[in-house]
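Participant: Sequence:
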Amino acid sequence: MFVGRNHELKQLEQAYHATTSKLVAIYGRRRIGKSFLVEHFTKNKRLLVFEGLENETTPLQITQFTHDLALQLKDKVLLHVHFNTWEMVFDYLTDFFSKQNHKWVLFLDEFQWLAANQGRLVSLIKKYWDQHWKKQNILLILCGSVSSYMVKNVIKSKALYGRINLEICLGQLYPSEAMKLLRSKRCKEEIFKYLLIIGSVPKYIDALDPNHSLEKNINTLCFTQNGDLVEEYEKIFYSQFKEYKTYEQIIRLLQEGPLDLLSISKALKIPSGGGLLSYLTNLEKALFITCYTSYEKNLNSKNKKYKLTDEYLRFYFKYMQKNLKAIKVNATKNLFNLLVKDQWEPWLGHAFENFCLKNAEYLATKMGFNDQVISFGPYFKKESSGFQIDLIYVRADKTITLCEIKYHDRPITTKIIREVEKKCDLLSPFLPRGHTLEKALISQYGPDKHLNDANYFHHFLSIKELF
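Residue 83 in our numbering sits at position 83 of the sequence shown; the count goes up by one each step and never skips.
Since the hints were derived computationally from the structure, they do not count as laboratory data. Treat the hints with care, since some could be wrong.
What the hints assert, rightly or not - When the alpha-carbon atoms are kept at most 30 angstroms apart in a straight line, the in silico DSS-like pairs for lysine-lysine are as follows:
no. : residue 1 : residue 2
1   : K216      : K203
2   : K366      : K307
3   : K398      : K341
4   : K333      : K193
5   : K285      : K10
6   : K43       : K285
7   : K406      : K439
8   : K203      : K127
9   : K307      : K406
10  : K406      : K185
11  : K269      : K318
12  : K464      : K406
13  : K203      : K180
14  : K341      : K216
15  : K423      : K439
16  : K10       : K180
17  : K103      : K45
18  : K439      : K415
19  : K341      : K464
20  : K134      : K103
21  : K103      : K127
22  : K366      : K188
23  : K156      : K235
24  : K99       : K10
25  : K304      : K439
26  : K307      : K269
27  : K103      : K74
28  : K158      : K242
29  : K193      : K423
Hey, can you work out the whole structure from these sequences and the hints?
Facilitator: Written out as structure tokens, the structure is:
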């Protein structure tokens, strides 16, 4: 079932219907739905699609490419042709496109594997694009997982500089879109817990059985031998990042809590210059981590912190990593019930805070002021480690919106007012002159009647309003 991706589909359709050739780069973490997006987009379009082979050499990539090309064009002669170089393959494609009167989509999937993680294929594509393909009314899509190769050799490539017409970094589904995949058979509260545990990654959600409870699904996926997500941690790093050990070190460090660049540099003994920043940027593009600046600082501020925000990785480090030995031999036991269920309420609270920060723009839309948001983020004073607010919005209409985030199994009472007032008092000296301070409560079940009648908060958001 395909849901969402409306913005990306609109962008792709605009590129397709242009009167000239367009070059598109699509990238994102594994299992995020890149290929599925293009498959949906190219329905009823003339398409040539090729997928790279993992860890194979260039000659094998060319052989497979030629075989797939022959099958798609139904060219029996081509089945017996042996191309030795990419130039020979691209010459054939160029000749084919020159004879067409309609637009074709050329989709190169898992491009980093197709290129055998080398830069030469990118240089060749630049040559054929400049000399032939940009005049032949095609839509060329280069697609791959976020990796040092895709970012360095495609997105930031000197060869393709100024040639990429559309760049799509594909993220998770919006929460409301993820909800649609399971909504018909499970209640909102249960589905929301899935989003806190595995996020809105399409392939993770597809692995869930809507006929089973959350407890049974998570036990099957995460706590049973051969579960779909038991070895996902290794696959995330080993198949996606060439220098996986460094990326893994960063993630392991950040699972202990948010850190600034200098702290990461000192802990890993890596200079805080371009090398470390490149690793962090790639992890950000894959949406495993998020960089936050305290709300009143500009984007170039040194007062930045990096936080592990990927839901699966946070759950893995908390409950799976230390129990992997038992998990990998478990066939029948309900380890989720034994290891997690009775102690995970505090973790759910932190996961809910992470959800709100990660989906801040979505929440602002639900509260009706996303068109006014200038910036958002947590509030923390470097000199005052004890003072932090999870989420604050700075708005163009001279309004600051302070969000109180509470994960509780019942409606919130008026006791919350004292906590929020204390934060408001601490924040007041740092408010921009002439700005109004609004207060929002984001919780699982909203306010009780007394808190609602108190008219203290400007905004309420609960699971009901979120979905």
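Participant: Please list, smallest to largest, the hint numbers that this structure does not respect.
Facilitator: Hints 3 and 8 are the ones this structure does not satisfy, whereas the remaining hints hold.
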